[in-house]
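Chains as they are written, first to last, in the numbering used here: chain A, 1 to 280; chain B, 1 to 242.
This list has only true hints and no planted wrong ones.
Sample of chain A residues with no beta-carbon within 12 Å of chain B, all distances over it, derived: (1) Gly76; (2) Val81; (3) Ile216.
Result set (SDA-like, lysine to any residue): computed pairs, CA atoms no more than 20 Å apart in a straight line: (4) Lys239/B - Gln172/A; (5) Lys183/A - Lys228/A; (6) Lys128/A - Asp59/B; (7) Lys91/A - Thr67/A; (8) Lys58/B - Gln191/A; (9) Lys53/B - Leu182/A; (10) Lys58/B - Asp8/B; (11) Lys277/A - Gln134/B; (12) Lys250/A - Gln70/A; (13) Lys242/B - Pro273/A; (14) Lys242/B - Met278/A; (15) Lys272/A - Gln78/A; (16) Lys115/A - Asp82/B; (17) Lys115/A - Gln90/B; (18) Lys239/B - Glu168/A; (19) Lys272/A - Leu160/A; (20) Lys47/B - Phe28/B; (21) Lys85/A - Glu42/A; (22) Lys150/A - Asp163/A; (23) Lys183/A - Phe45/B; (24) Lys170/A - Met271/A; (25) Lys170/A - Val236/B; (26) Lys204/B - Ile214/B.
To be clear, the hints were calculated from the coordinates, so they are not data collected in a lab. All residues carry an ideal CB built from backbone N, CA and C; glycine is no exception.
Each chain is listed here by its residues.
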Amino acid sequence: MERSFSSVCPLCSYSQGQVVSASTQHLSPCCSLCPAGRMGIELYLDLLSPPCRSVYIFVKKNNIPFTFKQMEVLKGQQHSVGFGKVNILRKVPALKDGGFTLAESPAILAYLSQKYKTPDHWYPLDMKKRARVDEYLSWQHSAIRPSVFKIFWLKVVFPLYMDQTAPEEKLQEALEDLAIPLKQLEEKFLQDKPFLVGNMISLADLVAFTDLMQLIAIGYNIFENMPKLVEWHNRVKKTVGKELFQEAHKVILNFQDLNSMLIEPQLKEQMKPRLLKMVA
Amino acid sequence: MGMELYLDLLSQPCRAVYIFAKKNNIPFEFKHVELFKGQHCREEFGKINILKKVPALKDGVFTLAESTAILLYLSRKYNTPDHWYPSDTQKRARVDEYLSWHHTNIRGNAGKTLWIKVLIPLFTGQTLPPEKLQEVMDELAISLKQFEEKFLQDKPFIVGSEISLADLMAIVELMQPIGVGCDIFEDRPKLSEWRNQVEEAVGKELFQEAHELILNIKELSNIQIDPQLKEHLAPVLRKMMK
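Kindly produce the complete structure, drawing on both the sequences and the hints.
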């Protein structure tokens, strides 16, 4: 049984004419019908961050109602007292669902998939398929993420805070560190499948895609001589949908605009030791 | 052919898988992959796990890497007691949250103590200056503070009143510095209390059995290192020594 809502909910923007299946646990994005929807979840996101983008794309793609709480990490907003109550680790993404707060994008994605009973392919119930998603989400922490983080920080964040570019050798070193993991992504995780876990997109693809887009967006042709990964990348982008992809990646694609960002001198001083350590 | 678990109990994640399987009476064949002998680098092991890492699982034709994935797979396949990986959405999220954070915070820093104090000297014949160890201990101290303040708080275990996969992954990692003489539980009463509770929940005998190798690591100072392994690790060692 499906219901359609034509009235506009004052608290969330998803309710206009939205058709919702009655089988979903969260009955409606319209707050007057669903007690859970009355408060709705809050997602603290900075779309500059790949894990934030994976969460953002997931909720939008699955029509999960949420309040977007804009965070600007480069301006140090994660250090505010208020945000500390949401995530004491002071990282984004972070989720707030009533009195329940949650950090770490893999945990947030799994939580949302379970709570909103999203289509099976995102995080399959089949034990072996689910294990493949878990395997990627675990591996990427130390294999892909650190290099992506480092390259982005050296190329984009370092000049912003230090008023000079980072040494090119350090960038090259970080890019070289990515070579083996990318090969492993292709040979172990993707192989000859359309997506990382099988025939359909899953949380693994979303996390991998948004991470690697970070480097592509700032000008690195990381898939050079890796046609399989290029095909996979395009396939994920198409499945996400052009509009949603653009929306989620607008900030990172326009990273040059960050140069005009005004950063407080105090924050610059605070970040200096960490940045100097990266190029030591 | 039963399920095979490819393990070396010197490795923290291997211990988590070992303890979990034994505690839950999960039948498996222990396939010893001796890291010091470079057995994980061999082609044969590469067929089980192309990433050439332990732990690895082989269940019929299905192979699986990454301890988190293996633990979750085992918990589902063997229907282990709920507290290990709760079905309650929010409790489960807490386990997932810890398992994710663990990778870049506790894991890495805790393990580096073994490299600095034992493995690098063993492989290169050189000892590192004390500042290197201090650097790692300082980083670990920050992670331990976050562990206590965010994950443990005033609860006996990370999720609440019962042990879960989160506690298991944390404890095996933190036993690594203990093995090389860095007592991270000293001056940390809350952490110490938690450690005792985890050991009790696992069972003292199983806990000690799993940790026998790492707790006696110093006795391995005369071990013969496979030359191929030395070569394979050379770039990693150089980086750590910088």
